[in-house]
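Asker: So the chains spell out like this:
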Amino acid sequence: NAGVTQTPKFQVLKTGQSMTLQCAQDMNHEYMSWYRQDPGMGLRLIHYSVGAGITDQGEVPNGYNVSRSTTEDFPLRLLSAAPSQTSVYFCASSYGGNEKLFFGSGTQLSVL
Amino acid sequence: GDSVTQMEGPVTLSEEAFLTINCTYTATGYPSLFWYVQYPGEGLQLLLKATKADDKGSNKGFEATYRKETTSFHLEKGSVQVSDSAVYFCALSDRGGSYIPTFGRGTSLIVHP
Chain A
116 NAGVTQTPKF
126 QVLKTGQSMT
136 LQCAQDMNHE
146 YMSWYRQDPG
156 MGLRLIHYSV
166 GAGITDQGEV
176 PNGYNVSRST
186 TEDFPLRLLS
196 AAPSQTSVYF
206 CASSYGGNEK
216 LFFGSGTQLS
226 VL
Chain B
2 GDSVTQMEGP
12 VTLSEEAFLT
22 INCTYTATGY
32 PSLFWYVQYP
42 GEGLQLLLKA
52 TKADDKGSNK
62 GFEATYRKET
72 TSFHLEKGSV
82 QVSDSAVYFC
92 ALSDRGGSYI
102 PTFGRGTSLI
112 VHP
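Protein chains in written order, with the numbering used here: chain A, 116 to 227; chain B, 2 to 114.
For the record, the hints were derived by calculation from the structure and aren't laboratory data.
Certain hints may be false.
[Unchecked claim] In silico lysine-lysine, DSS-like type, Cα no more than 27 Å apart, as pairs:
#1 B:LYS78 with A:LYS124
#2 B:LYS78 with B:LYS61
#3 B:LYS53 with B:LYS78
#4 B:LYS57 with B:LYS78
#5 B:LYS78 with A:LYS215
#6 A:LYS215 with B:LYS53
#7 A:LYS129 with B:LYS78
#8 B:LYS69 with A:LYS215
#9 A:LYS215 with A:LYS124
Remember, it's a predicted structure, so these values are computed and weren't measured experimentally.
Model the full structure from these sequences, guided by the hints.
Answerer: As structure tokens, this is what we get:
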């Protein structure tokens, strides 16, 4: 039982590079979301999706893009990496609104 | 908008001590309330939840009661163990909104033998 799978676990980028953080879940969850975790800031919502083809912005969406072409996958794209995007990124999914979130193990990203 | 405020950490306790981590919230609707725990190097996992006023969530010896009159959801445990050392996050999910949870900043708990 895989749950929520995030790749890669670690990534180092140079300023201006682009990359995609992958997130996949095998629980047929409708809701998926991306958070970033920074010291002293807790978890902040970047983007979320309530179903395939539907995405919306969270609290800190600038510099990130998402798409949801299938129920299983919810990739997060960094368009032009900046040092301010150095963080730990978590993907999460749930059966629906108001339900328990299942988290991936995180991606630690450093932008130099 | 919705927000969650947690007491700042770290909270440092000796084994078998009583734990309280304070959490208060602001919401426009009727939120569900959650406590999540993050062990070192891992993602968050649900510890307990409560969906309406006066509900008590409980799990693994931890408890929290949904207090609408004080807009609070304080986490308590009667006797902590070293294995409880982790970061604890209070969160709310507003049924009048997107349902995507809003998290507090987290409180680090360190338990010494």
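Asker: All the hints need checking, so say for each whether the structure fits it.
Answerer: Here's how the hints hold up against the structure:
| no. | hint | verdict |
| --- | --- | --- |
| 1 | B:LYS78 with A:LYS124 | violated, 33 Å |
| 2 | B:LYS78 with B:LYS61 | holds, 9 Å |
| 3 | B:LYS53 with B:LYS78 | holds, 21 Å |
| 4 | B:LYS57 with B:LYS78 | holds, 13 Å |
| 5 | B:LYS78 with A:LYS215 | holds, 21 Å |
| 6 | A:LYS215 with B:LYS53 | holds, 15 Å |
| 7 | A:LYS129 with B:LYS78 | violated, 45 Å |
| 8 | B:LYS69 with A:LYS215 | holds, 21 Å |
| 9 | A:LYS215 with A:LYS124 | holds, 23 Å |
When held up to the earlier numbered hints, the structure conflicts with 1 and 7 and fits the remainder.
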